[in-house]
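Sequence order for the protein chains is E and X. First residue of the first sequence: 20, per this note's numbering; consecutive thereafter. First residue of the second sequence: 2, per this note's numbering; consecutive thereafter.
Be a bit skeptical, because a hint or two may be false.
Ranges of calculated distance between the beta carbons of each label pair, as one might list FRET restraints [as the list claims (entries may be wrong)]:
{"#": "1", "chain 1": "E", "residue 1": "349", "chain 2": "X", "residue 2": "139", "range": "34 to 40 angstroms"}
{"#": "2", "chain 1": "X", "residue 1": "183", "chain 2": "E", "residue 2": "268", "range": "25 to 31 angstroms"}
{"#": "3", "chain 1": "E", "residue 1": "352", "chain 2": "X", "residue 2": "7", "range": "51 to 57 angstroms"}
{"#": "4", "chain 1": "X", "residue 1": "124", "chain 2": "E", "residue 2": "389", "range": "40 to 46 angstroms"}
{"#": "5", "chain 1": "X", "residue 1": "58", "chain 2": "E", "residue 2": "268", "range": "54 to 60 angstroms"}
{"#": "6", "chain 1": "X", "residue 1": "145", "chain 2": "E", "residue 2": "389", "range": "57 to 63 angstroms"}
{"#": "7", "chain 1": "X", "residue 1": "183", "chain 2": "E", "residue 2": "230", "range": "42 to 48 angstroms"}
{"#": "8", "chain 1": "E", "residue 1": "407", "chain 2": "X", "residue 2": "58", "range": "53 to 59 angstroms"}
Calculated directly from the structure, the hints in this document are not laboratory data. Idealized CB from N, CA, C, for every residue including glycine.
Spelled out from the first residue to the last, the chains are:
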Amino acid sequence: MEKKTLFDKIWDAHVVSKIEGGPNQLYIDRHYLHEVTSPQAFAGLRERNLSVFRPDRTTCSPDHNIPTLNQDKPIADPISRNQVDTLMKNAKDFGLTVYGLLNPKNGIIHVIGPENGYTQPGMTIVCGDSHTSTHGAMGAVAFGIGTSEVEMVLASQCVLQPKPMKMRISVEGKLGKCVTAKDVALYIISKMTTGGATGYFVEFAGSAIRSLSMDGRMTLCNMSIEMGARGGMIAPDEVTFEYLKGREFAPKGEAWDKAVEEWKKLPTDEGAIFDKEVCFDAADITPMITYGTNPGMGMAIDANIPTIDQIDAAGQISFEKSLSYMNFKPGEKLLGKEIDYVFLGSCTNGRIEDFRTFANIVKGHKKADNVTAWLVPGSWNVEKAIRAEGIDKILEEAGFELRQPGCSACLAMNDDKIPSGKYSVSTSNRNFEGRQGPGARTMLVSPIVAAVAAITGKITDPRDFV
Amino acid sequence: MREKFEKLTSTCIPLPIENVDTDQIIPARFLKATTREGFGDNLFRDWRYDKEGNKIDSFVLNNPTYSGSILIAGKNFGSGSSREHAAWAVAGYGFRAVVSSFFADIFKNNALNNCVLPVVVSEKFLQEIFSSIEENHSNTVTIDLPNQTITNNATGCSEKFEINPYKKDCLLNGFDDIDYLLSKKEDIEAWENKR
Ligand code: SF4
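Let the hints inform the model, and build the full structure from the sequences given.
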């Protein structure tokens, strides 16, 4: 029998047809949709006089433009408000499920999909958003698409995509002290570079990956796009089933048992061939931080920024541009640098485990006076859990305040913008120039490093602190 | 129906920076429109204009000695988000093709869906184009889609480039993926019924 990878099994089972010399026509099980990348797709449907082909397969939630304070009031920025209103109207006109502002199921689309049980192993999942790769953590083939493709999915429940190549990235061994899924992601991206997995769909494997919780796996798969991969995924196992069981849209009763039986057949067959295999040793991974303006520019938190002679010739212009934007010098350390903002949240680190981790560290300490901290749950469900577990109390005592769910400071589309020139220690996924606000200087880190920075007011090695 | 793409000869705009990401191509704060128009005005916004909205003279798009409908960009162009707005901005500014030694996947697909041809060339060929343009800003490049060749007219050197035959057909004939999928609805239903 042919040996197949996890990716092959799911992809091949969803190919409706293969176009001669062209892409595959791929059927999509679940389609997520937010307000930024969808208006032009709905406009396209209207122009062509089309309805949505399978309305029950699309779920919508506004997240990018929403304020994280006073959500009961109308959105102040008229353009943001218009984009959110447009989504609400489009969903209604085309008969789609939408979780609008203050709906208990509202939140960042990549957080609410898994937590409500919409995302399941073996599915094909798309969204007009590159971080759709998050859902791969559940053992699904999930990837971001453009707005023209959003229109295709709405119109036909299919996309046209060439089948990507397959890569397996294995991390073996035990993760060290203060090393989280986020550090694993930043470490892998720093080794692979931002274009290193372009053209590939990545399966993460190995004992270190297996040891991650579901929330941690989502953090890792979320960031697979940052090395250029089409998506990232992890084979479903007991951790996956345990997470999914009982969630609202997950199968129930007999259907559950049958589903689990099928899902257990998904993992990569022994001896299946990947186009590329990369292995890392968990022992080499330390708490990480980025020093530049792409997520590949990461290093161990106690390391020195590279010097110019360590950068290959073609990359030197970008390297210098990047450091000048950050106002860092080649060869210097980041440890001890004063910071201005801390952001805990986003589809990378806005889940309950991230808040537990953060709270564990700040418990009994006080937020540093020079730090403005924005703590933003990924969804109302996360917010509810934070309150139920008493995490809000711990945070409050340490001088932190909880905001309302949304994408927030992950990208500068709502009110939460980091001011120009300020240093932001952020648990989000991108440190591009201007990503958190024009002129904002972002350093990507784990919730542990963020928490330690928030109470010490500077970049601090968490291993010395915890 | 969209504009057809066959053969294009044009002067070029050089952007010899690597890893130009979608947040640079079109910053997030300009993603709030609900139509496809107007994004070209904000292409490379934060490199083109300062905080007060004044033109930054040193940026290539503000240098009147450069013009043309071909953008020549450093390696790994279009990385980052899946925003098709990046492709709309590139198309809206008037580019018909982007030449680089490497593109991010989603950008490539989005560009093709908006009749902007991404042309992948070797790093050596790319650097030669940059040199030719630097020598003389009015040097041209020719992209021949039917024959899948790109020529640096200053040196006369050509290279073959890859494009998948289906996408090539779409560009040459000006039809798009949605036209194709709509013609397949019955097959999709049949597939759903037998899964
Ligand atoms: S949290 Fe950030 S990365 Fe995630 S969907 Fe929102 S804007 Fe995109």
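Results for each hint:
1. E:349 with X:139: 34 to 40 angstroms: 37 angstroms, holds
2. X:183 with E:268: 25 to 31 angstroms: Given a distance of about 29 angstroms, which is inside 25 to 31 angstroms, the answer is holds.
3. E:352 with X:7: 51 to 57 angstroms: 55 angstroms, holds
4. X:124 with E:389: 40 to 46 angstroms: 45 angstroms, holds
5. X:58 with E:268: 54 to 60 angstroms: 55 angstroms, holds
6. X:145 with E:389: 57 to 63 angstroms: 59 angstroms, holds
7. X:183 with E:230: 42 to 48 angstroms: 47 angstroms, holds
8. E:407 with X:58: 53 to 59 angstroms: Check passed, 57 angstroms falls within 53 to 59 angstroms.
The structure shown violates none of the earlier numbered hints.
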